[in-house]
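Heads up: the sequence lines are chains A and B, in that order.
Under this note's numbering, think of the first position of the first sequence as 1, with each following residue one higher.
Under this note's numbering, think of the first position of the second sequence as 1001, with each following residue one higher.
Each hint should be verified, as a subset may be incorrect.
Going by beta-carbon spacing under 10 angstroms, a handful of chain A positions derived as facing chain B [what the hints assert, rightly or not]: (1) I22; (2) V32; (3) A34; (4) V69; (5) E70; (6) M75; (7) E147; (8) F154; (9) R165.
Derived from the structure by calculation, the hints contain no laboratory data.
Even glycine gets a Cβ: it sits at the ideal position worked out from N, Cα and C.
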Amino acid sequence: MNAAGFPLLSLLTFLPLVGAGILMFIRGEEAVVASNARWTALWTSLVVFGLSLILWFSFDKTSADFQFVEQAVWMPDFGLGYHLGVDGISVLFVLLSTLLTPVCILASWEAVQTRVREYMIAFLVLEAMMVGMFVSLDMLMFYIFFEGVLIPMFLIIGVWGGARRVYAAYKLFLYTLLGSLMMLLAILTLWYMAGSTSIPDLMQLRIAPDLQIWLFLAFFASFAVKVPMWPVHTWLPDAHVEAPTAGSIILAGVLLKMGAYGFLRFSLPLLPQATEWFAPFIFALSVIAVIYTSLVALAQEDMKKLIAYSSVAHMGIVTLGIFSLNHQGLSGAIFQMLSHGVVAGALFLCVGVVYDRVHSREIARYGGVAKVMPVYAGLFMLFTMGSVALPGTAGFPGEFLVIVGIWQVNPWVALLGATGMVLGASYMLWLYRRVLFSKLTKPDIKALLDLSPREYVTFAPLVVLTLWMGIYPSSFLSFFEASVTALVTRHEAAMTVSRLAGM
Amino acid sequence: MNWTLIMPELALSLAGLLALLGGVIPKRDTSYGVNMAVFGALLLAGVLVLAQPEGTAYSGQYVSDAFTKFTKVLVVAGAALGVLLALDWNVKEGLAKFEYPVLLLFSTVGMMIMLSANDLIALYIGLELLSLSLYVVAAFNRDSGRSSEAGLKYFVLGALSSGLLLYGSSLVYGFAGSTNFDRIADAVGTTDGTPFGLVVGLVFVLAALAFKISAVPFHMWTPDVYEGAPTPVTAFFAAAPKVAAIGLLTRVAAGPFGDLAAQWQQVIILCSLGSMILGALAAIGQRNIKRLMAYSSIGHVGYALMGLAVGSELGVRALLLYMAIYVFTTVGTFAVLVAMRRDGRALEGVDDLAGLGRTDPAMALAMTVFMFSMAGIPPLAGFFGKYFVIGAAIQGGYVTLAVVGVLASAVSAYYYLRVIKVMYFDAGLGALDARPASISVILAGTGLFTVFFFAFPAPFLAAAQAAVAALIG
Chain A
1 MNAAGFPLLS LLTFLPLVGA GILMFIRGEE AVVASNARWT ALWTSLVVFG
51 LSLILWFSFD KTSADFQFVE QAVWMPDFGL GYHLGVDGIS VLFVLLSTLL
101 TPVCILASWE AVQTRVREYM IAFLVLEAMM VGMFVSLDML MFYIFFEGVL
151 IPMFLIIGVW GGARRVYAAY KLFLYTLLGS LMMLLAILTL WYMAGSTSIP
201 DLMQLRIAPD LQIWLFLAFF ASFAVKVPMW PVHTWLPDAH VEAPTAGSII
251 LAGVLLKMGA YGFLRFSLPL LPQATEWFAP FIFALSVIAV IYTSLVALAQ
301 EDMKKLIAYS SVAHMGIVTL GIFSLNHQGL SGAIFQMLSH GVVAGALFLC
351 VGVVYDRVHS REIARYGGVA KVMPVYAGLF MLFTMGSVAL PGTAGFPGEF
401 LVIVGIWQVN PWVALLGATG MVLGASYMLW LYRRVLFSKL TKPDIKALLD
451 LSPREYVTFA PLVVLTLWMG IYPSSFLSFF EASVTALVTR HEAAMTVSRL
501 AGM
Chain B
1001 MNWTLIMPEL ALSLAGLLAL LGGVIPKRDT SYGVNMAVFG ALLLAGVLVL
1051 AQPEGTAYSG QYVSDAFTKF TKVLVVAGAA LGVLLALDWN VKEGLAKFEY
1101 PVLLLFSTVG MMIMLSANDL IALYIGLELL SLSLYVVAAF NRDSGRSSEA
1151 GLKYFVLGAL SSGLLLYGSS LVYGFAGSTN FDRIADAVGT TDGTPFGLVV
1201 GLVFVLAALA FKISAVPFHM WTPDVYEGAP TPVTAFFAAA PKVAAIGLLT
1251 RVAAGPFGDL AAQWQQVIIL CSLGSMILGA LAAIGQRNIK RLMAYSSIGH
1301 VGYALMGLAV GSELGVRALL LYMAIYVFTT VGTFAVLVAM RRDGRALEGV
1351 DDLAGLGRTD PAMALAMTVF MFSMAGIPPL AGFFGKYFVI GAAIQGGYVT
1401 LAVVGVLASA VSAYYYLRVI KVMYFDAGLG ALDARPASIS VILAGTGLFT
1451 VFFFAFPAPF LAAAQAAVAA LIG
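Next up, chain B with everything else stripped away, as it sits in the complex:
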């Protein structure tokens, strides 16, 4: 029994329990200490992930390889940044409760289990641990109607997708005879003429996962939940869980159902096309910047899925790279959104950024970098993400995907430019409140990453390569 393999998850869960005790037992408010402890625990988990040996444990339920390492490091980084982002916000909104970081921590455990899942049951457990934590944090501002609405909406639709997942899993189990990914792969590989039920099950599983990554046509909840949830929670939603869900989707598609590629590719191609087009068009009319970012994230998922749709080694590699870049630019963008506050009141309109170029040049510059990067303008990081994804599509002969990708990218440039236009070209309504130090640190870090990615791409490319090799072999 190789139980030490699961050390990062164990350590993180233990830290979560301790943090809970640390929050409950003392009489005074310990939320700051708990926040810091959780941040430390996440960093520790990141180190443990990097040091994790490769192999499988728990009768093949849990797997650790270069792919899980790559995605888990991203997830842990996204979660750690999410904890930092919320520090100041929660204090100002009167939400500084120790439960918040603990919930983020448990959702991270859930994501890590998802990514390491090598069995449909483990997958489900990880996904539910993530989802239950997210339902609560979405409604974390419980006195706000919008936040509660977001939580409830997310819960209802999340429950529906869980149902789909379970239904699909049971079909797969029934036709493949096992829930273990390796067994399923054997069943898919050997049967001459794949059983129809297996394909149906696969489609249900894919649909459930498409819910989690908010790919079209399962995206409807995204704008409402993004808008309603407190901004740091939205930031968290947009970053870590997306990586985890896309990583999981990639593993499920390429691993157990690798031989059914012809079946799932059609689904993924449709999701990818739909997401790119909707992300580009629907965001144009948005006045609320959180809604805008919601549609933008739908578009980005479309691009990432393009890598999977191609199904080649280069495609998956491009997908991983895309997600890595996406996480950092998204966290950076949301750091600006979290800092949008005037006279102590949080702001959400795109127009509220007016004049930022004058009142806070550093933050405006950072936001400009993120917007141009998301629009895919070289030499910023986002360009390389798109470059490799579209390159993979062309290499695989999926010219339609590539052409729709570039057209959608030209359209989406319009609304990213609008943010820049508002910041620099429009007259301001007065300065925003001074941004807290935690936001400045995040902005500097993610901004420098986005600008200088072109100079040091090699380690990221190598890590993505190793991850893909582990997955596809």
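Same shape as in the complex, but just chain A:
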């Protein structure tokens, strides 16, 4: 059994599905159904979040091993097993997913008025898929959850999205599917080689360098789309713009992390030589992503699109950190993933707040909002600062560590990557100025009301986290300290072996 004494991770994964199952059987008038659906979904997600806090308190931070492990027979003839567990890299993403889900449900409390029950079912299924993906220790299960995310996400964007929702939903689905199918080929190859899909088993596998290149490319096809890396990022702005607020939050908060998590979980430990070999290529793409998408963000007229492009730039920093392959870089990348999850999610929530009131995402439609919504302006400022990585906010430690890490590899890359921080400050502050300051002339903006109590509750956890992660990052860094060390050691050992073999 595991440290919790009961199958905690299975519960975290499948409890949302139980909630979704209950939702299916709610009967009655439409308004009653809607209200019941909201509360059922909220309570389910809160219970899941409460349970996931056990991970926060009883996770053994000194160990790099998989913890809370659960194993069961599934398809033994094929070496496919039911295998769950978390290590330092994945544990905080589980918590991020379980935290953002209730936030999303609260964020769509009033924004979603049609087919509320179906919406909540989709969100709970989505939560199950996200948590399941982060806790899977079996490659096939990982793939199932990784792909399964597409089903609820397709429906969330397509049914409750904006004007061009159909296009955006298709683009998201087909882009990701094509990438993922390449990964499926890699998974099948590894399965054939190892006779098992259990990740700990696969870690023992020594793969020939030529094959590593192909496998890396196959994994890369999937993860690069999901991250997303330039030039396969174009689905993201469309998806973000058309998705409902909560969809954007979860997309930026968790779904973008899946790609980077995949790099950490598969590409680095399984394919060390190929990782080393492809690192300069990834650096190039990441630097382009950081600079190019930051410039693109400057030109945006749509708030959501601007934040979407900023996400691509921030994820560029993450991939830089991951492929720096040293301790600081990796820690920074993981921290940046977490902080971006919180901050970008919060920024989309900020956009959602005014969108609910004005029904426009166009920057030019706003102006002077700070005068009528002072509290909102304060929160928006906090998250803007988080996004531009001001010291003391969540964005800073991650970016700083990544730059430190990458400096050791290649100072030029570090320099170019750091320009992203400068550009980030310019587009975010400019956005802030145009929306919240400038002249308050439009009559409907003058009539805006400040945050409602529900919105306070929705923002509260994100505010706390943004400050906490910025002021005392150690409480988060300590979780993945041991795992990152183990990852780096493992990688260096593999490289040494291959160098010796090369001689």
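Please build the complex by placing chain B on the supplied structure of chain A, with the hints as guidance.
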């Protein structure tokens, strides 16, 4: 003489004759009773198949083993569901005649004989019994021009494929000296340098069977026949006979011609590649959902053939699993198609599903499940089918097949998604007529199977394993 071995076929044939009498003798309309009797007889046949001992009978013409059991159970299940599907439809279209279930029953007997055939003659007899019944049911709506056209087209092309089969069989007989599969296997195994005529005969036999499973390049009849035939008939065509024909093809390829694998693999690989690509591309432009499903079924046959093309134990196992999953998702999908009716008029356009997510959420959900499953999205059953098939291809080193398979699957996701898009994203044209109870039962059953397959795959895997062991040994 071990005649009791053939009990399931005997019982089913007897039930068919009784059902015919039951339809003809009474003065009043007994079609509902006959339907139920045939359904019961099919269930009985399923039980008998499961209880059937293994062995050969009739001088080695008839064989019963785990492979025949697996495929026959699928065929009988597909046929039984086909009878249920048509119940309500035939009443509403004024086609409630007792001949319909009886014809389905005899075609099922034909399929079972095909699957148990261990001799080219038995194979031919089974195939013809199946085909003759199908020609009639395709044209069952005899007052409709489209239905008659479908029946005629199917008949002409079916006759052509029968001709090919007979020609190929006679060549095989001439060069191998026997029509018995075991004798042919001996002849193929021993001769140093396989006689060229035998290979030619094999290719003719394969071509004929490719007609029956509508693999590219012998698929041309499929969209027209699928579109023209009454929808429940199309459902029946897409499910049971496909399994039977693929099962037969597998037995013929792996059994008597097992030692000629290098020859037939090339043919099957081409058919598989062609079917996957055509199934993915040709369906994109379809507006008629039955035509769309026709191309989709061509694509699925391509994937199933990938398992055979690999020729390994894992490949055949994956093929059987793929067909099992295919039968249930197909029947489920067609249940939705059969229920598509507005103001008493049957509908066939993809766009007619618009707004279904609002007007009938349960059916829309079921259809969504089937579409995602057919697109191979996990965790639904269809994903596992594709997973094992493509896994087998990679294991066998057929990387091209695997890559084309995943690419075709990404392309085909587009049109499956379109169905979902129409149901959920588009504004509706008004509710469909209430769906009959029989359709609801089928939807629930096949839908639950598709969703929860991932939780209980073990019995299916074990059964497929036993079947493969019997075939390849």
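Consistency of the hints with the structure:
no.: 1; hint: I22; result: 16 angstroms, violated
no.: 2; hint: V32; result: 16 angstroms, violated
no.: 3; hint: A34; result: 14 angstroms, violated
no.: 4; hint: V69; result: 20 angstroms, violated
no.: 5; hint: E70; result: 15 angstroms, violated
no.: 6; hint: M75; result: 6 angstroms, holds
no.: 7; hint: E147; result: 5 angstroms, holds
no.: 8; hint: F154; result: 7 angstroms, holds
no.: 9; hint: R165; result: 7 angstroms, holds
Figure legend: structure checked against the earlier numbered hints; hints not met, in rising order: 1, 2, 3, 4, 5.
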